[in-house]
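From first to last, the protein sequence lines stand for chains B and S. First residue of the first sequence? That's 1 in the numbering used here, and the numbers climb one at a time after it. First residue of the second sequence? That's 136 in the numbering used here, and the numbers climb one at a time after it.
Hints listed in this document are in silico derivations from the structure and should not be mistaken for laboratory results. Bear in mind that the values here come from a model prediction, so they are computed numbers and not experimental data. Backbone N, C-alpha and C fix where the C-beta goes; we use that ideal spot for every residue, glycine too. One or more of the hints may lead you astray.
Here are the computed distance ranges between Cβ atoms for each label pair [as the list claims (entries may be wrong)]: (1) G113/B x E192/S: 22 to 30 Å; (2) I229/S x S110/B: 44 to 52 Å; (3) P101/B x P230/S: 29 to 37 Å; (4) Y290/S x T75/B: 30 to 38 Å; (5) D286/S x T27/B: 19 to 27 Å; (6) V284/S x T27/B: 27 to 35 Å.
Derived DSBU-like pairs (lysine-lysine); straight-line CA-CA distance at most 30 Å [as the list claims (entries may be wrong)]: (7) K64/B x K9/B; (8) K89/B x K9/B; (9) K64/B x K6/B; (10) K273/S x K89/B; (11) K64/B x K195/S; (12) K6/B x K89/B.
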Amino acid sequence: MMEGDKPLKVANDERISRFLLFSRWFTRQTRRVKPDAFIPHPRIELSVSCIDGLSESEVWPLGKAVVAERPDNVTLYGRADLAAGSVRKQRLEVERNDIPPRHANITGWSSDGKDAQRMKAVEIAAASTLILVDD
Amino acid sequence: MIAIDFPATMSSVWDFPSPESRVGVEIHQKLSEMAADFRSTWTHGEHWNTAMSDLTEVAKECCQPNWDGYGAPAISADTFMLAASFIESIPSDIPQPEIGASSDGDVTFEWAQSPYRVVSVGISSSGGLHFASLNGQKRCFGSMPFDGVFDSRLYSLIWEVLA
């Protein structure tokens, strides 16, 4: 949802998802999302989807759309779900632009060094819940 | 400690989709040189062997750009070599880390007991080592150049997390 060109902020209690397209960004045995899933690059913003109000069966098509956009052969393994407020605790922002629908970016990383980015990624990962496609 | 038949061990896990991947070829060449060096001068523990196998698997999975689906650069040969040196530097009393990669092209090492007790380390092509540790409410992060020696602060953080 955009107001003109201005992205809308997402409320703290809204759920967002980071779709996991690399198998080493989670551990199946301990049901843990790894911090690597939240390291921003090459853009200094991190792509997520706003899933608040959606059922499980409505969330996965968003991830499949993310995969379909990619020219390379990537696999959707799962997603990391978290509240937008968990991101804001790290002095980052969640900005929804709806391009594509329900897409948002986690922004505010630019002033951080790689160590500070990793620290924030560790804390965001800790606040996340792992949901696998084959659960 | 055991001596490793390095070339045989590594060739079994090293199968890049060359010649498509120049990075893969470059890494392969460097690895062969390193293997010759190690074979003549080192013996290593089983955990080292396992970690090196994991590293080569990660390098294979990340040897093409966009391996993460979000536009990540391929892991460079330099990063691979630094990561191999980092593995070599890990004290033998520290458990083997989980090895991975992040979208900035770093090879990553992780020691975790739970989501809230974790040490995450990234090593980049420039030789920079960037770490972050979460142990309950206690957080710690920093960067340093990797000079081939395992950092004592990192050693302490890992044991605090795993204790």
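How does the Cβ-Cβ distance of I229/S and S110/B compare with 44 to 52 Å: does it lie in that range?
-> Since the Cβ atoms of I229/S and S110/B sit about 34 Å apart, the hinted range of 44 to 52 Å is violated.
Are K89/B and K9/B close enough, with their CA atoms no more than 30 Å apart?
-> This hinted pair holds, its Cα atoms lying about 14 Å apart.
Are the Cα atoms of K6/B and K89/B separated by 30 Å or less?
-> holds (22 Å)
Holds or violated: are the alpha carbons of K64/B and K195/S at most 30 Å from each other?
-> holds (25 Å)
Does the structure keep K64/B and K6/B at a Cα separation of 30 Å or less?
-> holds (27 Å)
Honestly, do Y290/S and T75/B meet the 30 to 38 Å range at C-beta?
-> Taking Cβ atoms as reference, Y290/S and T75/B lie about 36 Å apart, which means the hint holds.
Holds or violated: 27 to 35 Å for the Cβ distance of V284/S and T27/B?
-> Hint holds: Cβ distance 29 Å, inside 27 to 35 Å.
Regarding the pair K64/B and K9/B, is the alpha-carbon distance no greater than 30 Å?
-> Judged against 30 Å, a Cα distance of about 24 Å means the pair holds.
Given the range 29 to 37 Å, decide if the beta-carbon distance of P101/B to P230/S lies inside it.
-> At 44 Å between Cβs, range violated.
Going straight from one Cα to the other, do K273/S and K89/B come out at no more than 30 Å?
-> Roughly 15 Å between the alpha carbons, so the hint for K273/S and K89/B holds.
Determine whether the Cβ-Cβ distance between G113/B and E192/S falls within the hinted range of 22 to 30 Å.
-> At 29 Å between Cβs, range holds.
Given the hint of 19 to 27 Å, check if D286/S and T27/B actually sit that far apart at their C-beta atoms.
-> holds (25 Å)
Comparing the model with each earlier hint shows violations of hints 2 and 3; every other hint is respected.
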